[in-house]
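Using the numbering used here, you'd call the opening residue of the sequence shown number 111 and step up by one each time.
Among the hints, a few may not be true.
[As the list claims (entries may be wrong)] Heads up, simulated BS3-like pairs for lysine-lysine below, C-alpha to C-alpha not over 27 Å straight-line:
#, residue 1, residue 2
1, K326, K441
2, K409, K294
3, K298, K420
What the hints contain is simulated information worked out from the structure, not anything from laboratory work.
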Amino acid sequence: MGGNVMTLEEEVNMPSQNELKTLTLSEFWGFNLNRRKLKKKINRWIKRKTKQQNDDSSVSSCQLENAPCHKQNNTALTNEDSILTIHTALIRWLRLKDKAHQLACSRAPKKGAKLPAAAKKKEVKVVNPLFEKRPKQFGIGGALPPKKDLHRFVKWPQVVRIQRKKMILKQRLKVPPPIHQFSKTLDKNLGYGIENFGVLMIDVGCATSLFKMLLKYRPEDRAQKKERLLNRAQAEAEGKTPEYKKPIVVKYGLNHVTYLIEQNKAQLVVIAHDVDPIELVVWLPALCRKMEIPYCIVKGKARLGTIVHKKTASVLCLTSVKNEDKMEFSKILEAIKANFNDKYDETRKKWGGGVMGSKSQAKTKAKERVLAKEAAQRMT
Numbered sequence: 111m112g113g114n115v116m117t118l119e120e121e122v123n124m125p126s127q128n129e130l131k132t133l134t135l136s137e138f139w140g141f142n143l144n145r146r147k148l149k150k151k152i153n154r155w156i157k158r159k160t161k162q163q164n165d166d167s168s169v170s171s172c173q174l175e176n177a178p179c180h181k182q183n184n185t186a187l188t189n190e191d192s193i194l195t196i197h198t199a200l201i202r203w204l205r206l207k208d209k210a211h212q213l214a215c216s217r218a219p220k221k222g223a224k225l226p227a228a229a230k231k232k233e234v235k236v237v238n239p240l241f242e243k244r245p246k247q248f249g250i251g252g253a254l255p256p257k258k259d260l261h262r263f264v265k266w267p268q269v270v271r272i273q274r275k276k277m278i279l280k281q282r283l284k285v286p287p288p289i290h291q292f293s294k295t296l297d298k299n300l301g302y303g304i305e306n307f308g309v310l311m312i313d314v315g316c317a318t319s320l321f322k323m324l325l326k327y328r329p330e331d332r333a334q335k336k337e338r339l340l341n342r343a344q345a346e347a348e349g350k351t352p353e354y355k356k357p358i359v360v361k362y363g364l365n366h367v368t369y370l371i372e373q374n375k376a377q378l379v380v381i382a383h384d385v386d387p388i389e390l391v392v393w394l395p396a397l398c399r400k401m402e403i404p405y406c407i408v409k410g411k412a413r414l415g416t417i418v419h420k421k422t423a424s425v426l427c428l429t430s431v432k433n434e435d436k437m438e439f440s441k442i443l444e445a446i447k448a449n450f451n452d453k454y455d456e457t458r459k460k461w462g463g464g465v466m467g468s469k470s471q472a473k474t475k476a477k478e479r480v481l482a483k484e485a486a487q488r489m490t
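Given these sequences and hints, build the entire structure.
This is the structure in structure tokens:
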């Protein structure tokens, strides 16, 4: 039964002392990581060694039950202790060898490897002893923290919130053409440029020149009216007949302007874009087009109100102008007709709104990409 059992070195394929010196770092790690397999091999070797000792013993059965058995167990225990000692020593030696290898790599770099960058000397800053550095402590009872941008935490007034919600609703909902036309106002510069008429330079076709023209024909305010009536009363008291010439002024008031349009006396109608409710003036562009009177939509009712000394004005109208302003007025009418009266058929077919948010647009584009991809696959 008894055969020669391999030695521990042969069982676990332990390298010799000379081979251990030539092991690479990856082989070190291989030994270190296969510790569990090494223990299993050592345990198998212990069992075989114990079995061989049991088979080779030639003592009687009674003797086997007492002292020899105790001796055999002591031998097995001694062998196991020595094997575990060898295993622990091997692992410890591999760890030390690994550390020594790493230290050698850090001290002496390999050939062809990049040399480590030279350590920069720290610049010692000269500190003025008169000015002591006192870092702030932002704890409880300490310094106040720096100010942050708290714009997104602001609780805005209800008026502002309503305005923003209204603006978003106008973007999302579909707007019919009669109302949508009020979102396209007279541009500051319509591209007609500056025309040179000899010495006179006239900037035509823009909202700036239109308001300059309207300011020339502002109606009199209360102080001017009081002064005029006082002069008239004094002249009548002296027995003179005062000469009174009706001035050319801007007409305002929705009912009054509507009457002038119906009587075909108006030469230019200016409508505010932000009249509330919009139903007050939504029909006015159609009436102007039917009566073939030039009209334009401008920003906004407060600016029109300043011309006639009011807070707001929804509609203004010019019935005539002075002789010196007729050339400039004709150019303004030409530009306004080209951008409003002539484009009426086009604007009455254009719907507004229907602009979704960024998230909704991203989802729609993603769906379109998927559908396009499926269509391309069907074609192929």
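Which earlier hints can't be squared with this structure?
-> none
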